[in-house]
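Kindly produce the complete structure, drawing on both the sequences and the hints.
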Amino acid sequence: MDKRTVLIIGASSDLGCAFLEHYGKEYDTIVAHYRRMNARLESVIQQAKGRVIPVKADLLNESEVREMIRYIENENAWPDSIVHFTAPQCENQRFNKIDWQVFSDEINIGLKSAVMVAQAFFPKMTKDHFGRMVVILSSVTCGEAPGFCANYVVSKYALLGLVKALSAEYGPKGITINGISPHWTNTKYITNQPQVLVEKQVAESPMGRLLEEDEIVPTIAYLLSDEASGISGENIEIKYGKQIRK
Amino acid sequence: MDKRTVLIIGASSDLGCAFLEHYGKEYDTIVAHYRRMNARLESVIQQAKGRVIPVKADLLNESEVREMIRYIENENAWPDSIVHFTAPQCENQRFNKIDWQVFSDEINIGLKSAVMVAQAFFPKMTKDHFGRMVVILSSVTCGEAPGFCANYVVSKYALLGLVKALSAEYGPKGITINGISPHWTNTKYITNQPQVLVEKQVAESPMGRLLEEDEIVPTIAYLLSDEASGISGENIEIKYGKQIRK
Amino acid sequence: MDKRTVLIIGASSDLGCAFLEHYGKEYDTIVAHYRRMNARLESVIQQAKGRVIPVKADLLNESEVREMIRYIENENAWPDSIVHFTAPQCENQRFNKIDWQVFSDEINIGLKSAVMVAQAFFPKMTKDHFGRMVVILSSVTCGEAPGFCANYVVSKYALLGLVKALSAEYGPKGITINGISPHWTNTKYITNQPQVLVEKQVAESPMGRLLEEDEIVPTIAYLLSDEASGISGENIEIKYGKQIRK
Amino acid sequence: MDKRTVLIIGASSDLGCAFLEHYGKEYDTIVAHYRRMNARLESVIQQAKGRVIPVKADLLNESEVREMIRYIENENAWPDSIVHFTAPQCENQRFNKIDWQVFSDEINIGLKSAVMVAQAFFPKMTKDHFGRMVVILSSVTCGEAPGFCANYVVSKYALLGLVKALSAEYGPKGITINGISPHWTNTKYITNQPQVLVEKQVAESPMGRLLEEDEIVPTIAYLLSDEASGISGENIEIKYGKQIRK
Amino acid sequence: MSREEVFERLTNVFREVFDDESIVLNDTTTSDDIEDWDSFEHINLIVAIEEEFSFKIPMGKTVTLKNVGEMVDLILTIA
Amino acid sequence: MSREEVFERLTNVFREVFDDESIVLNDTTTSDDIEDWDSFEHINLIVAIEEEFSFKIPMGKTVTLKNVGEMVDLILTIA
Amino acid sequence: MSREEVFERLTNVFREVFDDESIVLNDTTTSDDIEDWDSFEHINLIVAIEEEFSFKIPMGKTVTLKNVGEMVDLILTIA
Amino acid sequence: MSREEVFERLTNVFREVFDDESIVLNDTTTSDDIEDWDSFEHINLIVAIEEEFSFKIPMGKTVTLKNVGEMVDLILTIA
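Protein sequences, first through last, are from chains A, B, C, D, E, F, G and H. The numbering of the first sequence is our numbering, which starts it at 7 and goes up by one. The numbering of the second sequence is our numbering, which starts it at 7 and goes up by one. The numbering of the third sequence is our numbering, which starts it at 7 and goes up by one. The numbering of the fourth sequence is our numbering, which starts it at 7 and goes up by one. The numbering of the fifth sequence is our numbering, which starts it at 4 and goes up by one. The numbering of the sixth sequence is our numbering, which starts it at 4 and goes up by one. The numbering of the seventh sequence is our numbering, which starts it at 4 and goes up by one. The numbering of the eighth sequence is our numbering, which starts it at 4 and goes up by one.
If you are wondering where the hints come from, they were derived from the structure by calculation, not from laboratory data. Only a predicted model underlies this, so the values are computations on that prediction, with no experimental measurement involved. Where a beta carbon is used, it is the ideal one built from N, C-alpha and C, also for glycine. Hints are supplied without guarantee of correctness; some may be wrong.
Label pairs and their computed distance ranges (CB to CB) [as the list claims (entries may be wrong)]:
| # | chain 1 | residue 1 | chain 2 | residue 2 | range |
| --- | --- | --- | --- | --- | --- |
| 1 | B | Asp220 | A | Ile250 | 51 to 61 Å |
| 2 | C | Asn198 | E | Leu79 | 35 to 45 Å |
| 3 | E | Thr31 | C | Glu70 | 52 to 62 Å |
| 4 | E | Thr31 | H | Ser57 | 23 to 33 Å |
| 5 | E | Ser5 | H | Glu11 | 36 to 46 Å |
| 6 | A | Ser231 | D | Glu73 | 33 to 43 Å |
| 7 | C | His135 | B | Ala209 | 20 to 30 Å |
| 8 | D | Asn102 | C | Asp34 | 23 to 33 Å |
| 9 | H | Ser57 | C | Asn198 | 16 to 26 Å |
| 10 | B | Gln95 | G | Thr80 | 39 to 49 Å |
| 11 | A | Asp220 | H | Arg12 | 39 to 49 Å |
| 12 | B | Gln95 | C | Glu70 | 51 to 61 Å |
The following block contains the structure:
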């Protein structure tokens, strides 16, 4: 690929910003979708000196997503790579207390936005015989799932299904799509989990701590690289990390 | 369990009828949901001599599902076991030609109906310290997925996620929930697949034929039995079958 | 099948005895391999009134295994079903402290005995177009493995590989082979684990207790049944159990 | 890591050479194990100008492996990274025609050599709070296994078990160990497969061709990198590849 | 704070969390005695107790604190 | 049916399936020459050919029939 | 090469591969008629036929060639 | 048993388990201070302590007991 364009869905998330801080320089154009602008994303945009095209959209609003897609097309910013970060805040709740609306919203924020974006940009990638997509899933899709967040588990599995389906369909055309499944990571995403839950996770984690952003984003960058052309349909669990000398 | 009540969602499907023909006798009460009555289900109902409570509902219609649930409660036919057969007809189609509506409908027929029914009846099962649910998934959830039916793959993965989430949450309460994933089976479900596709499947299948109903339903019956109390959150692939002597 | 013959490798284990106590009656002939006779197996043999053919062999000794096979052939007790229980006592140990001899012994007790027995009796099953084999694996083969028992994990994975390889090769011939993977079960097998480890397992288990034998053996019986002809190459985890009313 | 040392077991294999041709420059010292020297490895050694320490050993011969380890220690060439390529030539054969000796040899070449090398060098990695190991497995460990090469499937599963066991035990100490599972790749390894088999594989492969070395080795390099500290115990399937414009 | 006082306030916490006014606690009450006391409600219970007595239960204790007697002792020593 | 006739009717089938009027077929045309000829369109092509010439392509042939020359021969021999 | 000759040589190939002197082939013999004719022996059969008649069976055909009549036709046309 | 005595006997247990005569314990020693104190050695440590002081450490405590000060307190209260 001579010129590379990446589309980040959920660029305002901590992992989205971390990815751009570490690897934004590798892209000629960065389309950064966000719902609410924040200081960190703003500074990312500044440092990228004009290579970033920010796009605001509420993923729950279909017409805003269509609008976003049309805008990207008009800007002629066709992405060869897509990274899909969507972090619906997940509060623990008994299954029988969860309204269908909650399931439905998470499926729309996660699966529907991924479907719409892929449908919009995969045809161009097909013509170019090259494309990459990485979907941030979750450790809940690896092995045993946790209880009391059925909405979250279901929406992540639906996305995993999309990864599996599209890898089979687009692999022969040079487009790869993979998931990554990080364990609890030190981001604002976990802030509205009760502290006792966080401590429980930490106590049970192999490293005895939350993971750090820079233990997650390099794998995204690798999966987007030319070199990773052979990997598609995988769901890579990220669970360990650097051993900080005592 | 002294008296057993099973709820069949999609009892009018060939597998639903086959299950009742083989194992209906083991239940004191059978709640048979259907969308369109057919001759096979009618004869099942007759043979069961009054032990069957038929309930009509379009799973795409939330209020009809609520109505069904209310009816079952009023009949005091609380199920200790639920089998979820839902077979949205799946035509092969390129991903980028599939409207979101198609994804959405399959998710509503499959996931939403399973969620609503489980939310309605798991609390009673919890009080009884006993419950069983079996969700019919598909071989597309085992290993590599096929291309050109992303809607189908995604909706089955969403159901797999539900199986994983609920097994973790309800296992300690004596409720098991499992999936079974049959390969292509000789039912009317496959009739609107192009014959060449069917022949391709047959050619690639280990037995060199479609599977038969009686190679699928016994595993459902086993998972519903008292003896299977230890198995939950599993997705059992069914792929082989009887070796018919040449 | 008119007359059924089952071969139990490791019949003197608690699970082996429990299986025969519950399901021995379903077999016309039971070939019960053991290394050390014990009271429980003796009473099983007595109750079976002459239907049991006991065979002694040290699985670490190739010639004894050959001898056992020859004996079974001479007795004309060709098994249509094989259950492989082998429980090398597993002490926790750091990987770098484990001699290769320990790996080698476990592979010989487990994998080698399974290979020799399958090679001896699968050809006859092939001619009969019917055969069943169940290999008792372990929860260490499901998802994340534990540390500090690499020899145990490796030997169980080798057996899992055998299950996968033979299911593909013999499935089309009417022979199924599956694994079951129970979590910690209340048998003498766990007695030489330090109590603190057992308590740790119990604390982390979904039922808050060790599993009981009768939560394991029914699944073996199901997988050996005619009805289970469609299931092969599966590894069924057993992790939950009956909810004993408080 | 300031200075990096990699140990390649099976450096004379095509993938071993390809890895060194692409990534050898990233290592200050390369310990290259081989059984038979060949032209390609020789030229790799030359180009690396003195950074390569070649070591000859027959992995079937325990004392030669011990000798190799002692030699590496004496050279003070403690590896922080190990890549384990072992390619026992795999001829298709019916299970019941495969001598145990064949299983045993493959387990010794694969598993035993990996165990001995890891036991020798993981303690030093533990002290350094950093280590990497990549084991080349095979697509036979992903999903359904093929028939008629049970020895190969079993030996690869045993290695997969080692990957799982060591990732759990050494992950907290900063050592990662992962497997990669390439589909049929264009190397001399496949030369003694009958051409009809190769053509069958090609016909069934998503890219319609064998994979190329440079579609495999970059993932090895990534897993050895500092950035991949979070990934351990994974088995990454490599199945797709660059879409060569028609 | 007297042991009685702790019991009284703790009982109110339990009644709120489990939404059950009939709950009566004593030293020997455990998670087996209260049907709904599962891993989910346990977290809510911990959070509620920490609020009520405005202190943090040291990690590790939380997971295994399924006995009211121990809870009271802990509150008396730490809070 | 003459070889020419088969070519003519087959060309129409291809143009419909791939929705591309510019397609011209000859004996050496293969799936490599038509960008959109992937496993999905191949199924549609087989179905369309079977309809057009009202015959069934024997299984096994279908999967590997990615060469127009072979298609024509097959149609001439079987149809 | 006459059809008879092909049958004769092909029969020898089958007898060797399946190690069964009693095998007699005719146009309608299929993999169903020979118990041991499974996917593994099929590969060996293809290899042996290619050697015996020193020609290569075109890919795709190999997988589906489970009928002796077709084999003979193929050999006559290609070899 | 005096706190000093407990420290003395506990120190010996540690030195044996970790095979390191140089180990010196104090109230603030934690698993972070002893390189080899991982989940495996922790189990051995618990077992050895239970033997040395012939008492059983209540479940739940074992997992989180990674602080020598707590250990000593526990031993003094229970043993």
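Against the structure, the hints come out as follows:
{"no.": "1", "hint": "Asp220(B) - Ile250(A): 51 to 61 Å", "in the structure": "59 Å, holds"}
{"no.": "2", "hint": "Asn198(C) - Leu79(E): 35 to 45 Å", "in the structure": "41 Å, holds"}
{"no.": "3", "hint": "Thr31(E) - Glu70(C): 52 to 62 Å", "in the structure": "56 Å, holds"}
{"no.": "4", "hint": "Thr31(E) - Ser57(H): 23 to 33 Å", "in the structure": "27 Å, holds"}
{"no.": "5", "hint": "Ser5(E) - Glu11(H): 36 to 46 Å", "in the structure": "39 Å, holds"}
{"no.": "6", "hint": "Ser231(A) - Glu73(D): 33 to 43 Å", "in the structure": "40 Å, holds"}
{"no.": "7", "hint": "His135(C) - Ala209(B): 20 to 30 Å", "in the structure": "21 Å, holds"}
{"no.": "8", "hint": "Asn102(D) - Asp34(C): 23 to 33 Å", "in the structure": "25 Å, holds"}
{"no.": "9", "hint": "Ser57(H) - Asn198(C): 16 to 26 Å", "in the structure": "20 Å, holds"}
{"no.": "10", "hint": "Gln95(B) - Thr80(G): 39 to 49 Å", "in the structure": "43 Å, holds"}
{"no.": "11", "hint": "Asp220(A) - Arg12(H): 39 to 49 Å", "in the structure": "45 Å, holds"}
{"no.": "12", "hint": "Gln95(B) - Glu70(C): 51 to 61 Å", "in the structure": "59 Å, holds"}
Hint compliance for this structure: no hint is broken.
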